[in-house]
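Novice: From first to last, the protein sequence lines stand for chains A and B.
Under the numbering used here, the first residue of the first sequence is numbered 1, with each subsequent residue one higher.
Under the numbering used here, the first residue of the second sequence is numbered 1, with each subsequent residue one higher.
No lab work stands behind these hints: they were computed from the structure.
Warning: the hint list may mix true and false statements.
Said to hold, decoys possible - Take a look, some chain B residues computed to stay more than 12 Å from chain A by CB distance:
no., residue
1, Gly58
2, Glu77
3, Gly80
4, Arg85
5, Pro135
6, Glu144
7, Gly253
8, Ala269
9, Asp306
10, Tyr341
11, Trp351
12, Val353
As the list claims (entries may be wrong) - The list that follows gives simulated cross-link-like pairs (lysine to aspartate or glutamate, EDC-like), each with its CA atoms no further than 20 Å apart:
no., chain 1, residue 1, chain 2, residue 2
13, A, Lys85, B, Asp181
14, A, Lys41, B, Asp181
15, B, Lys273, A, Glu224
16, B, Lys178, A, Asp56
17, B, Lys273, A, Glu383
18, B, Lys178, A, Asp363
19, A, Lys198, B, Asp306
20, A, Lys387, B, Asp192
21, B, Lys273, A, Glu351
22, A, Lys387, B, Asp230
23, A, Lys198, A, Asp172
24, A, Lys387, A, Asp366
25, A, Lys387, B, Asp229
26, B, Lys118, B, Asp62
27, B, Lys178, A, Asp37
28, A, Lys72, A, Asp37
29, B, Lys178, A, Glu179
30, A, Lys85, B, Asp180
31, A, Lys387, B, Asp105
32, B, Lys178, A, Asp55
33, B, Lys273, A, Asp360
Glycine residues also receive a C-beta, built at the ideal position from the N, C-alpha and C atoms.
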Amino acid sequence: MSDAEQPTDSHIPGTEEFEPVDVFPEANEMDLRPGADNCYKCSTCDTNCPVAEVDDDFPGPKFQGPEQWRLKRQDDYDIDESVMKCSNCLRCDSACPSSVPLSQMHNTARAEYVEKHMSKYSREYWRNRMLANYRRLAPLGAMFPRTANFMTSLPFTGFLGEKILGIAGDRDFPTFATETFRKWWTKRGGAKVSNPDKRVAYFHGCYSNFNTPEVAKALVRVYEHFGYEIMVPEQSCSGTPMFANGMLDDARRAAETNVPELAAAIDDGADIIASCSSCSMSLRQEYPELFDIEDIERVSANTWDAIEYLRVHEDLEGALEGATVGEEFDDFAYHAPCHARNQGLDGQTVELLGLVDDVDAYDVGDSCSGISGTYGWKAENYETSMKIGEEMFEHMEHAPADTGLTECPTCSMQMGHGTGYEIRHTLEVLEAALVGSETGDA
Amino acid sequence: MAIEDDVLVIGGGLAGVTAALAAADEGTQVRLVTYKQSTLRHASGLIDVLGYTPDGEGPIVDPFDELEELPEGHPYERVGVDAVRDALEFFDDVVGDAYAGGHTDDNALVPTHGGTVKPTARYPSATAAGVASAPEDTLLVGFETLPDFEAPLAAAHLEAAGAPFEARGVTITFPGIKRDDAKVTRYAHLLDWDESVDGTTGARDALAAAVSDHLEDESRVGFPAVLGDDHPEEVRADLEDALGVEVFEVPMGPPSLPGMRLEDVLYSALEEKGVRVTSGVPVVDYETNGDPGRIDQVIVDRNGADVPHHADQYILATGGLVGKGVSSEREGVFEPLFDCYVPHAADRYDWFVDDVFGDQPYARFGVVPDTELRPLDEDDEPEFSNLRAVGGVLGGYDYAAEKSGGGVSLSTGYVAGKRAAKQVGE
Numbered sequence: 001m002s003d004a005e006q007p008t009d010s011h012i013p014g015t016e017e018f019e020p021v022d023v024f025p026e027a028n029e030m031d032l033r034p035g036a037d038n039c040y041k042c043s044t045c046d047t048n049c050p051v052a053e054v055d056d057d058f059p060g061p062k063f064q065g066p067e068q069w070r071l072k073r074q075d076d077y078d079i080d081e082s083v084m085k086c087s088n089c090l091r092c093d094s095a096c097p098s099s100v101p102l103s104q105m106h107n108t109a110r111a112e113y114v115e116k117h118m119s120k121y122s123r124e125y126w127r128n129r130m131l132a133n134y135r136r137l138a139p140l141g142a143m144f145p146r147t148a149n150f151m152t153s154l155p156f157t158g159f160l161g162e163k164i165l166g167i168a169g170d171r172d173f174p175t176f177a178t179e180t181f182r183k184w185w186t187k188r189g190g191a192k193v194s195n196p197d198k199r200v201a202y203f204h205g206c207y208s209n210f211n212t213p214e215v216a217k218a219l220v221r222v223y224e225h226f227g228y229e230i231m232v233p234e235q236s237c238s239g240t241p242m243f244a245n246g247m248l249d250d251a252r253r254a255a256e257t258n259v260p261e262l263a264a265a266i267d268d269g270a271d272i273i274a275s276c277s278s279c280s281m282s283l284r285q286e287y288p289e290l291f292d293i294e295d296i297e298r299v300s301a302n303t304w305d306a307i308e309y310l311r312v313h314e315d316l317e318g319a320l321e322g323a324t325v326g327e328e329f330d331d332f333a334y335h336a337p338c339h340a341r342n343q344g345l346d347g348q349t350v351e352l353l354g355l356v357d358d359v360d361a362y363d364v365g366d367s368c369s370g371i372s373g374t375y376g377w378k379a380e381n382y383e384t385s386m387k388i389g390e391e392m393f394e395h396m397e398h399a400p401a402d403t404g405l406t407e408c409p410t411c412s413m414q415m416g417h418g419t420g421y422e423i424r425h426t427l428e429v430l431e432a433a434l435v436g437s438e439t440g441d442a
Numbered sequence: 001m002a003i004e005d006d007v008l009v010i011g012g013g014l015a016g017v018t019a020a021l022a023a024a025d026e027g028t029q030v031r032l033v034t035y036k037q038s039t040l041r042h043a044s045g046l047i048d049v050l051g052y053t054p055d056g057e058g059p060i061v062d063p064f065d066e067l068e069e070l071p072e073g074h075p076y077e078r079v080g081v082d083a084v085r086d087a088l089e090f091f092d093d094v095v096g097d098a099y100a101g102g103h104t105d106d107n108a109l110v111p112t113h114g115g116t117v118k119p120t121a122r123y124p125s126a127t128a129a130g131v132a133s134a135p136e137d138t139l140l141v142g143f144e145t146l147p148d149f150e151a152p153l154a155a156a157h158l159e160a161a162g163a164p165f166e167a168r169g170v171t172i173t174f175p176g177i178k179r180d181d182a183k184v185t186r187y188a189h190l191l192d193w194d195e196s197v198d199g200t201t202g203a204r205d206a207l208a209a210a211v212s213d214h215l216e217d218e219s220r221v222g223f224p225a226v227l228g229d230d231h232p233e234e235v236r237a238d239l240e241d242a243l244g245v246e247v248f249e250v251p252m253g254p255p256s257l258p259g260m261r262l263e264d265v266l267y268s269a270l271e272e273k274g275v276r277v278t279s280g281v282p283v284v285d286y287e288t289n290g291d292p293g294r295i296d297q298v299i300v301d302r303n304g305a306d307v308p309h310h311a312d313q314y315i316l317a318t319g320g321l322v323g324k325g326v327s328s329e330r331e332g333v334f335e336p337l338f339d340c341y342v343p344h345a346a347d348r349y350d351w352f353v354d355d356v357f358g359d360q361p362y363a364r365f366g367v368v369p370d371t372e373l374r375p376l377d378e379d380d381e382p383e384f385s386n387l388r389a390v391g392g393v394l395g396g397y398d399y400a401a402e403k404s405g406g407g408v409s410l411s412t413g414y415v416a417g418k419r420a421a422k423q424v425g426e
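Isolated chain B, as found in the complex (with noise of 0.2 Å):
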């Protein structure tokens, strides 16, 4: 006996979830198996879907009309635009207020913690303020003890990158942390329950006390993403009040707060739409019965034991080559749980470039699917009847280059999603 469902997605990310949402919505079992906690916390939490082309051409002010012009292979090939489109649509659905961006086709310039600007197609509600096209005099605050956030430098890299307004950065002391190397989370929590930091004030009015002795006449405010965890909102509110500007939050590296709270928001979702969802365990094999071109069950391994489960659909969403899924030994590269087919040259010294930031090989490596997400094999033929790919496994697009690594997972994912979900007992 094996534990059963109708769906079975592996991988707890951005496609992965989607994939589990969309296939929940068409009324199917649907079971989620993320090895450890999900990657969301390494993301940003911005949603872009294109921001240059494959050639490098870019900022892309409106990514729908680049689409088209992708190479066959590529992810948004394969799935085709007006899956964009609704995968987009279904995301805002699930997110609501939490995210903002969907009132055009249009890119938004959202800055980064390095000063740099990313265009990106959906972007948390608590960004929204400091998007760079508006032209609105700035002040970024930074925080002693987060040297991840460098104010000053970041407002200079603004400024040079030619922002439409004036940047000023401050290095301030944040009220009431007592550590040099405090957690993100624990910024966050000191904000959203409001803990005293002297034993009468606040941390919210502490914090806005400190930042009004060096407010001139900026319009807002930028801090690094770590303003409330559970209650953002409220502490964003809280601040613009006492301040009298605006308040956003620059999107921050790992471990990242606007990621948890997208991972919040859409294992809630998951929790809703009656997904079950196993953490904490890998899936390390599977199995066939009688067809080899169609997986029976897979085995979750326990901390030991051999644990079987079986679903009609599968879809793999393991990640690329940071995520683990897909890997590389000297003599080859490989998608280490079905070992589905990943093009890449014999010679190693192929898979690279010299120049860090040129056209690198390696970045593209991931499995081939067809136009229904199934990965092929070398004869392009399905490896699997019952299997689809999607996010960063697949291969064909350079996600860091092109931005696009959001758009992908949420299109993919939402079709393999509907397609497993449609094709189960057929």
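Chain A on its own, in the form it takes in the complex (with noise of 0.2 Å):
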């Protein structure tokens, strides 16, 4: 191996002096090269991606991390569309033992399908720039959600969606919200904590803001219970769905939004917290991947999943041992979900709940749920969706529990869906625990 190409493990102290020489112009880019030259081809990736294990069509992911890369190191190779299949869960990435950034390159790779090879008037593109953005289509259901959730709810609005959009005539669409977190912060008057010490800004996502206010209201105030001023930047998609349908440019304009104002927020003395899963995953992990965004690496190095904050910066655990959480809620079965379990968080809800005095939290298991975001929502993947969703349906079916908990809404789709439970967030679990419920039985 020669020093050009030595690769670098950012945890051998002494490598921070190791300056490599610049043989390969494009890697002033993004240099996947070290990534690929790192795969052994063990294959336990391949063994890990639910989509592989139920469809004999998909390669896996090392055919489309390290081998696609290789392969279009010649002329003649263009990106597989196999490609889009990939629902994006991340699995590959935690069961790699070399650290290929395998979600990078499918991300990547997918990006360049689709502005290659797609059509842009094809129905495919179409539907799925439509799903990607959710963001800029949620504002109107939120606008008039009762027409929104009645028109949504007729069959003939599902099966025109099949027929015309390709989206999966069996799904139901998420009920808007009567109010969005935000117009909630708004006519509350926004913070009623005030401390320059104590300083978080939430990153709710478009689901807690337009279809869950719940959530978010339970963040709220399980964070003003422990004395935090709260701030609610300006903010878009994190990027999540755009990545997933290869719709990198779009994904990039919603980072253009985010960072500045996110950064603006650290330099006020904020951290960033999340209360979705794949936002948090998305700041953290995808952004500095992807995106080459002024102060991109400082808003990915301040961000934390919500629960996990807390826990780091306060005694949690404390305040939840012994803790009630009263009538409103049984116990769960819970599923963490895949962006959870990339950031090593899969099992912090039952560490959690096991301190609560009355209620437990029992896990479903490791199984992915199979919706991944949009990639359940189109009818090609309706199918493949729901029977990598099987196991986890069994197992929820066999847990002691009615209810489901889960911190990601597309996962919580997929449990309702298949199961016709009820879900909730572990912050609202939280939230009867530390605060109790809003009529104020503390």
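Both chains are given apart, each in its own frame, so use the hints to dock them into the complex.
Specialist: Structure below.
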């Protein structure tokens, strides 16, 4: 191995001084070569891929990542269309024993495929673009929530959605809240606690704003309970659904809104917190992997999962020890979202709820829910998505609980769709344990 | 505020899991942090104790006869022979019926996918019918789409090695497999779920039918280890019923189903014993507080954010050169997390010998522990009073040549887990 190609390993002391010789000019853009070279083809990623497991036409992450990257060095090879079947669950990332940046490779390959090979006039392109840009459509639904909820509940709408757009007709559209979180926040007069020493900026994302504001409100109450001043900066979509659909330009535009806003909050002394595991995953990992925007590394390094943040900065375990949630909640069947797993957070909810006296969370295992954001919403993926989810549905039904629990909005849709259970967010349970319900039986 | 536990184990392989289970058994709150998914997926699933002496003598019949003779500094010498027995008993309890070999001290001889024979102390029950010491004629079955197991070659190799039976190999098409590069888990799940391969026949019946055409008067049939992931017992029983002979698995290279099944068993045990598992994120640093000889907390890197984890006792189970628990640069060999002392020659040309299969010095690189398994510094003093090291990160033995990797991981993990738990709060 020549010095120029020496792979760097950030955990080895002394490698900081290594200065590579710039023999590959394209390395200044996005150099995936060290990642491809790190692959020793053990195929562990392939055995973790939930799509490859049920779809014989999908060649798996090892091909989509390092092998395809190598093939692309030849002029006569185009990105294979199978990359669109990757659901972006990122399980290959945590499987790889050799730190190959698989999801980064998939994201760039998918973007190239969409850019060069997908017709901009095709139904698939516009359907994907619409799903990826939920952030742009949701405000319409939120403006007339009752009408929108009525319209989407009509069987006819589902039929048309499937026939015209290719959106899975068997799925129920998420219900729009009658009042968005941001509207509630403004009406409430913003933060109730002012504290220059303990500030957080909340990245609520799209779903808890438009669809489940109760999750966002729970976060506000829990954080104010611990004496935090909460900021709610202007924000766009985290980009997760755009990465998954190869719409990197759309994702970059959203990032160009988010990064300066969040960086300004950091300058004001805040850390960034997110309640959705895919939002935090995106800001922490995918942003610095995919974009070169000023302050993006700083935003990434200062972003936290909302519950993890409290655990590290407060005595959350002490506060939960022996607490009760009252009548509102019974036991839960808990599913750890793939994007929480990739942040090492898959055990967090079960550990914490174990401390609360009158409620238990039963982990339903490490399988993928199968919906993976917009993936399971596409008519052509619906069957695969439900097949992947089967293991989770079974485990949920076997768990001694009738309510589901997770931190990811689309996992939650899939859990509800597959079992008919009501699905809640961990923050709602923490709110009940720490603050009590709104009527104030704390 | 850090994330708090009594004992923190760094590394999710066999040694780390054993240490976590042993510490949890003593009633302490244990957390296991593993950077990536457990490397048990790379393991054959065989648990060897000692197949050959450090001088290359063997295969050894009874490893316990030889353990006493090992040189000072060998991990087995550090923990003592009784600890090896206790650790095996502990393992037998955890895995139950999933493993065989506990009825005797003697090594079993298990055929590998290359047709060699490996002396090993414990083996998956799926492998039991295939041991090479049984004088039963054997048919090995390989699949066209699974080039990792070349059955005719493996059979010829077994016969050449002097196995006391006739071995024959055939290669067939696996019914229901559509891709040339199908994942091993795809084979396993076809059989697990007994998926229909042609609209009517289930995968198990179809496979048995394809094999029975080739079966002559052999009394056992060996397959590459892909016979089920979640329900291997059922799959094997159905194949045995349909074929009328014993069926066994030949352990394979990575990704390995027997390794994954062992991972499942061990991680379920962790859950049952209340061990908290954090995976997907690396431990990158440590901090002391006042006393430089005591680790106060370690730093976990969560996608850029530093998350402190505090415990009373720490166990290092990060693996060897392959697992990245031991690293090297041109200037030296080191343990990257706590920078524990790793003895090695100053000139890097002395780290290896030219004969690839010779007595390679690098194979013995690793930290040097005292009998408490605390890594020692250059002056033979413990690096930290509350850090123990287990498994592949230890030096002083060549697990590949000795066939001792499994046993060293079990016994050092077991001892370190017990002692760490005992020391909590002292």
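Novice: Would you mind marking each hint as holding or not holding in the structure?
Specialist: Hints and how they fare:
1. Chain A leaves glycine 58 (chain B) outside its interface by the beta-carbon criterion, the shortest separation being 29 Å against a cut-off of 12 Å.
2. Every Cβ of chain A is farther than 12 Å from the Cβ of glutamate 77 (chain B); the closest lies at roughly 30 Å, confirming the non-interface assignment.
3. For glycine 80 (chain B), the condition that its CB be more than 12 Å from all CB atoms of chain A holds, with the nearest at approximately 32 Å.
4. Every CB of chain A is more than 12 Å from the CB of arginine 85 (chain B) (nearest about 32 Å), matching its label as outside the interface.
5. In this structure proline 135 (chain B) is separated from chain A by more than 12 Å, as the shortest Cβ-Cβ distance comes to about 36 Å.
6. No Cβ of chain A approaches the Cβ of glutamate 144 (chain B) within 12 Å, the least distance being about 16 Å, so the stated non-interface status holds.
7. With a least beta-carbon separation of about 9 Å from chain A, glycine 253 (chain B) fails to lie farther than 12 Å from that chain, contradicting its non-interface assignment.
8. Annotated as non-interface, alanine 269 (chain B) keeps its C-beta farther than 12 Å from every C-beta of chain A; the closest such distance is 15 Å.
9. The non-interface label for aspartate 306 (chain B) is inconsistent with chain A: the shortest C-beta to C-beta separation is roughly 8 Å, within 12 Å.
10. Every CB of chain A lies more than 12 Å from the CB of tyrosine 341 (chain B), the least distance being 14 Å, so the non-interface label holds.
11. No Cβ of chain A comes within 12 Å of the Cβ of tryptophan 351 (chain B); the nearest lies about 16 Å off, and the non-interface call holds.
12. Residue placement check: valine 353 (chain B) keeps its beta carbon more than 12 Å from all beta carbons of chain A (closest about 21 Å).
13. For a cut-off of 20 Å, the pair hint linking lysine 85 (chain A) to aspartate 181 (chain B) stands: about 17 Å separates their Cα positions.
14. For the hint pairing lysine 41 (chain A) with aspartate 181 (chain B), the CA-to-CA distance comes to about 13 Å; that is within 20 Å, so the pair holds.
15. Annotation: proposed proximity of lysine 273 (chain B) to glutamate 224 (chain A) is violated, straight-line Cα distance about 35 Å (limit 20 Å).
16. Of the supplied pair hints, the one linking lysine 178 (chain B) and aspartate 56 (chain A) holds, its CA atoms being roughly 7 Å apart against a limit of 20 Å.
17. Between lysine 273 (chain B) and glutamate 383 (chain A) the alpha-carbon distance is near 37 Å, which puts this suggested pair outside the 20 Å criterion.
18. Our distance criterion of 20 Å between C-alpha atoms is broken by lysine 178 (chain B) and aspartate 363 (chain A), whose separation comes to about 34 Å.
19. Restraint check for lysine 198 (chain A) and aspartate 306 (chain B): the C-alpha separation of about 18 Å stays at or below 20 Å, so the hint holds.
20. For the proposed pair lysine 387 (chain A) and aspartate 192 (chain B), the alpha carbon gap of about 15 Å is at most 20 Å, so the pair holds.
21. Taking the CA atoms of lysine 273 (chain B) and glutamate 351 (chain A), the gap is about 13 Å. The hint holds against a cut of 20 Å.
22. Restraint check for lysine 387 (chain A) and aspartate 230 (chain B): the C-alpha separation of about 17 Å stays at or below 20 Å, so the hint holds.
23. For the suggested pair lysine 198 (chain A) and aspartate 172 (chain A), the alpha carbons sit about 40 Å apart, so the restraint of at most 20 Å is broken.
24. This hinted pair checks out: lysine 387 (chain A) and aspartate 366 (chain A) have alpha carbons roughly 15 Å apart, not beyond 20 Å.
25. Using a Cα cut-off of 20 Å, the hinted pair lysine 387 (chain A) and aspartate 229 (chain B) holds, with the two alpha carbons roughly 17 Å apart.
26. Between lysine 118 (chain B) and aspartate 62 (chain B) the alpha-carbon distance is near 14 Å, which keeps this suggested pair within the 20 Å criterion.
27. As the CA atoms of lysine 178 (chain B) and aspartate 37 (chain A) are separated by approximately 29 Å, the hinted pair breaks the 20 Å bound.
28. With a C-alpha separation of about 14 Å, the suggested pairing of lysine 72 (chain A) with aspartate 37 (chain A) holds against the 20 Å cut-off.
29. Distance hint between lysine 178 (chain B) and glutamate 179 (chain A) is unfulfilled; the C-alpha atoms sit about 51 Å from each other, more than 20 Å.
30. Proximity of lysine 85 (chain A) to aspartate 180 (chain B) is assessed by CA-CA distance (about 19 Å); at most 20 Å being required, the pair is judged to hold.
31. Between lysine 387 (chain A) and aspartate 105 (chain B) the CA atoms are separated by roughly 46 Å; this puts the pair beyond 20 Å, and the hint is violated.
32. Of the supplied pair hints, the one linking lysine 178 (chain B) and aspartate 55 (chain A) holds, its CA atoms being roughly 10 Å apart against a limit of 20 Å.
33. Of the supplied pair hints, the one linking lysine 273 (chain B) and aspartate 360 (chain A) holds, its CA atoms being roughly 16 Å apart against a limit of 20 Å.
Hints 7, 9, 15, 17, 18, 23, 27, 29, 31 from the list above are not met by this structure, while the remaining hints are.
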